[in-house]
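Undergrad: Take these sequences, add in the hints, and give me the full structure.
2 protein chains.
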Amino acid sequence: MAEHREQGQEPGGRRRRCRRLEGEAARSVLGAADTLLFDCDGVLWRGEAALGGAAAALCRLSAAGKRLCYVTNNSSRTRQAYCDKLRRLGFPPAEPRHVFGSAHCAARFLRQALPPGAAAYVLGGPALAAELREAGVPHLPPGPAALPGPAPADWARAPLEPAVGAVLVGFDEHFSYAKLCQALRYLLRGPDCLLVATNRDHRLPLEGGAAIPGTGCLVKAVETAAEREAFIVGKPNRYMFDCVASEFDIDPARTIMVGDRLDTDILMGNTCGLTTLLTLTGVTTLEEVKGHEESDCPARQSLVPDYYVDSIADLLPALED
Amino acid sequence: MAEHREQGQEPGGRRRRCRRLEGEAARSVLGAADTLLFDCDGVLWRGEAALGGAAAALCRLSAAGKRLCYVTNNSSRTRQAYCDKLRRLGFPPAEPRHVFGSAHCAARFLRQALPPGAAAYVLGGPALAAELREAGVPHLPPGPAALPGPAPADWARAPLEPAVGAVLVGFDEHFSYAKLCQALRYLLRGPDCLLVATNRDHRLPLEGGAAIPGTGCLVKAVETAAEREAFIVGKPNRYMFDCVASEFDIDPARTIMVGDRLDTDILMGNTCGLTTLLTLTGVTTLEEVKGHEESDCPARQSLVPDYYVDSIADLLPALED
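The listed protein sequences derive, respectively, from chains A and B.
Per the working numbering, the first sequence starts with residue 1, numbered consecutively.
Per the working numbering, the second sequence starts with residue 1, numbered consecutively.
Zero decoy hints are in this set.
Derived list of chain A stretches under chain B, where covered just means 3 residues or more per stretch with a C-beta under 8 Å from a C-beta of chain B:
1. 143-154
2. 165-177
3. 199-209
4. 217-230
Think of the hints as simulated: they come from the structure by calculation, not from any bench.
Everything numeric in this text was worked out from a predicted model, so none of it was measured.
C-beta atoms are modelled at their ideal positions from N, C-alpha and C, and glycine is treated no differently.
TA: Set out below in structure tokens:
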């Protein structure tokens, strides 16, 4: 298993190399691991369809006594919704405490960071609000908002909730100039008003090559107005891994991060000293990996996974008795 | 007058120095100029109130035969609206052709850049639409937009206008996730779909220290989704000056740019080889100028104006007969 090392560099300054995980190496790597962290979309399923062999592979890993956790930047579903989906698609049963979505992690962060009684102004949907409620973080209700009058002077006079001590940005289909305005006004109260976001994903890929704007677009809008940087709880930030490690007894050297994105899943895994495994069922091609491998740039080297598979179904042979 | 020079550097590598414009120097600098370009808000007026002495100073400049033009990043007013406001506040009469707002300049850019029959998808308000109409650029009507269904798959299937060949981002109080989604879908058609924006201002300052988010926030959201950079027509981009120079016979060495913002007005003026004059009636303090003066960073040196005045009323003594 990978030892903890400097980001993007093998010990002794050797370059990272990404090898196909198969045969004896696959048995050895999986045998040495006690925990696997899975990204979900593009790894376990696409939309509502499980990827072929993924459920079988996870069932075997679970039967072999591995701890399975789920780490996802998606802020539009609760932990419970992920458990329901895993069950629905035939994956081994999971409890909410095994699911680390960016909505849950953001609520967890704010529970620790906000002073008692302080509330969050939320750009986000019902799942984000539900996780805040679950964590006991007071918050303004999400949903659409209208500008409070025809002129800019009216917008700057709309009521503000005195208790707000943080602006939280997640995926928000009701994002609007009116909400951006309110977010800025809370943040202009001063640096004590925290700016927290679930993730920086630029786009959400849909079936058939289509895509819709991701939370990262909304985060950039708020950061530009506020002229400061948000704290990001999602991958590639290590906060999401720290959440896992604070719930379970995690040894990074015995943990595998499995994902389809280099700049989130693999980067977080490499940063945290995990073994990293890329699946090619999502948004990444092997050509991109090769490009990073051949680069001298440390930032690009840190995107190179330890291993890759075409699909996590490829792990099945190594999991046979 | 300033000769054309490398951005941010005096000839021979000397640092830029910003001097108060007064006395004999003021007579000499103003005497040698034949054109003055004025930013408006924070320079000529604040909101609906003219700054003391500003109208009188411009009347004297006009009487002395100087050409007065107005260059503003504000995309929410037409050229005609600026002429009306100048007249209302007692400034010398101006014709629309003397006003270079970012809405007009964006329309001008698209008229040149779009192939015949191509239309613009507009994030902006009525003034931006009016300038596009005036320039003969086909465009979709601005205004609010709703998501076309409950699920992301619905959003990615909403009708697109086949003629759209550009996304234009200006100030848009109806900016929403729904419009961001449509903008991305047009831009995903390929690099032939242009991405153009009026300006990158982060915030619009209001009376009493309040502020609302500026167009730059919306531009960042679209750029993040599209994963490409917009062409910016407004200051500090030189395109706005090029618009002035294509309408009038402009000698940069005989032109003064007067503004209150270092990163837009002064930077554009310095970039274009104009003499630059900062007024302290807007968003900038002399301390900021001193900080840039003392910096060795070329980017910061390029923000140092040639001259400053507390207010353009300070020009009055140099304009007496």
